[in-house]
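The letter at position 22 of the sequence shown is residue 44 when you use our numbering, and the numbering goes up by one with no holes.
Think of the hints as simulated: they come from the structure by calculation, not from any bench.
Be aware that one or more of the hints could be misleading.
What the hints assert, rightly or not - Lysine-lysine pairs mimicking BS3-like chemistry, simulated, CA-CA at most 27 Å apart: (1) Lys376 with Lys404; (2) Lys318 with Lys270; (3) Lys270 with Lys50; (4) Lys57 with Lys366; (5) Lys148 with Lys278; (6) Lys94 with Lys50; (7) Lys94 with Lys404; (8) Lys293 with Lys96; (9) Lys271 with Lys235; (10) Lys148 with Lys57; (11) Lys293 with Lys50.
Unchecked claim - Estimated spans, in silico, between C-beta atoms of each pair: (12) Lys376 with Val289: 48 to 54 Å; (13) Lys148 with Asp367: 52 to 58 Å; (14) Asp401 with Glu242: 32 to 38 Å; (15) Leu301 with Tyr49: 37 to 43 Å; (16) Gly418 with Lys376: 54 to 60 Å; (17) Asp325 with Lys96: 37 to 43 Å; (18) Pro377 with Glu254: 46 to 52 Å.
Cβ coordinates follow ideal geometry from the N, Cα and C atoms, glycine included.
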Amino acid sequence: MKWLIALPLISFSALGLELSPFERNTYKGDFEQLKERGVIRALVSADLGFYYVEGGRPKGIIAEQLHHFETKIKQKAPLMRVKIIPVGRDDLFKALNEGYGDVAVANLTITERRAKLVDFSDPILKNVEELLVTHKDIEPIQELADAEGLEVWIRASSSYFESVQEINRRLSDEGLIPMRVNFIQETLQDIELLEMVDQGFVPATIIDSHKTKLWAKVMENIVVHHDFPLRENGEIAWAIRKDSPNLKKEINAYLKKAKGGTLLGNVIYGKYIDNTRWLNRALNPAKMAKLENVSKIFELYGDQYDIDWVMLSAQAFQESGLDNSKVSHRGAVGIMQVLPATAKDPYINIPNIKPVENNIHAGTKYLRFIHDRYFDDPDIDKNDKVYFSLASYNAGPAKIRRMRTLARKQGYDQIFGLTM
């Protein structure tokens, strides 16, 4: 096995992959045009273990795959590079087709609906199943009838939703109660949702089978239901525009030696799926314990202001890591990172935001105020109103409104341009 050392799986502290923010300028082209520009833009979405950033460097299975793809491309075009551009998962295909990127790499399952929007490479993984993952207190799910009325939490943009729709059709045909679907924020990763299942905050979700091999090792309270896959023989691939046959050819030539089952593919996947030491830095049980301590408060004020408490807790997780003692350089305080001046505003009027309950109350009330005051527009989709409100919570509603106005003046979609 010593010859495996020859594979160029060096640490990302030494890699040259370029991590770039979302860019306003768009262009399209096949491999020849991209070669002239000297860059292939890869659209990715955050997914711990597959694509994440640590110490300012891209890491994970997808980051490694893109590094080796860049190495392969440089054999033909030495000056070409791969630029990584993170986008929202629900915006991957739109961003690709509008010319914000050239390829989307994000554990994308090929489906009929998606194949109408984009072209796909040869599969990088085959025989993938979509599996229900529940808290251990849920009864075993071994057949269709066992899924009757089950509450599942998933992203609306995921292939999982298409699978649930098919299962619900079958349930209805049998005269059974369909599964109840709750949509989570598109910005939430699988790991964050699985942690909530593990802690019993949500009963069930759906995950690709190759991912369950990782998370089942580190979460004691989840159960993966292998006996009743919602999708079988799934294929995961890279997405490209339908007008990119030569780029597709280059990608397929690379994937022939890097897909699952090849030496390189197995080493890359094994580095993250089989070896979980890297997770010690990523997973922090103390944070989930903190969430358990305050979950009832999030539920209380989520109900009072008609905001999903899971989304609220996720916002707090991103704002402060659930640390109520945190004070930002701008003076934002507590678990929800509320500015004292904001809390004292007549519309919020919760001046003492040091206690954790008051802090959550103030943050929730402020989020509701933003939603109703600034985005009460019938032309804005319900989900987009939430995204705008979350963006405004941190950046400020006035700034977001200026960005939308600027986008409209410059001919851009004032909704899509922000949700990227």
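Do the hints match the structure? See the list:
{"no.": "1", "hint": "Lys376 with Lys404", "verdict": "violated, 32 Å"}
{"no.": "2", "hint": "Lys318 with Lys270", "verdict": "violated, 50 Å"}
{"no.": "3", "hint": "Lys270 with Lys50", "verdict": "holds, 14 Å"}
{"no.": "4", "hint": "Lys57 with Lys366", "verdict": "violated, 56 Å"}
{"no.": "5", "hint": "Lys148 with Lys278", "verdict": "holds, 13 Å"}
{"no.": "6", "hint": "Lys94 with Lys50", "verdict": "holds, 22 Å"}
{"no.": "7", "hint": "Lys94 with Lys404", "verdict": "violated, 43 Å"}
{"no.": "8", "hint": "Lys293 with Lys96", "verdict": "holds, 24 Å"}
{"no.": "9", "hint": "Lys271 with Lys235", "verdict": "violated, 31 Å"}
{"no.": "10", "hint": "Lys148 with Lys57", "verdict": "violated, 30 Å"}
{"no.": "11", "hint": "Lys293 with Lys50", "verdict": "violated, 34 Å"}
{"no.": "12", "hint": "Lys376 with Val289: 48 to 54 Å", "verdict": "holds, 51 Å"}
{"no.": "13", "hint": "Lys148 with Asp367: 52 to 58 Å", "verdict": "holds, 56 Å"}
{"no.": "14", "hint": "Asp401 with Glu242: 32 to 38 Å", "verdict": "violated, 46 Å"}
{"no.": "15", "hint": "Leu301 with Tyr49: 37 to 43 Å", "verdict": "holds, 38 Å"}
{"no.": "16", "hint": "Gly418 with Lys376: 54 to 60 Å", "verdict": "violated, 23 Å"}
{"no.": "17", "hint": "Asp325 with Lys96: 37 to 43 Å", "verdict": "violated, 55 Å"}
{"no.": "18", "hint": "Pro377 with Glu254: 46 to 52 Å", "verdict": "holds, 51 Å"}
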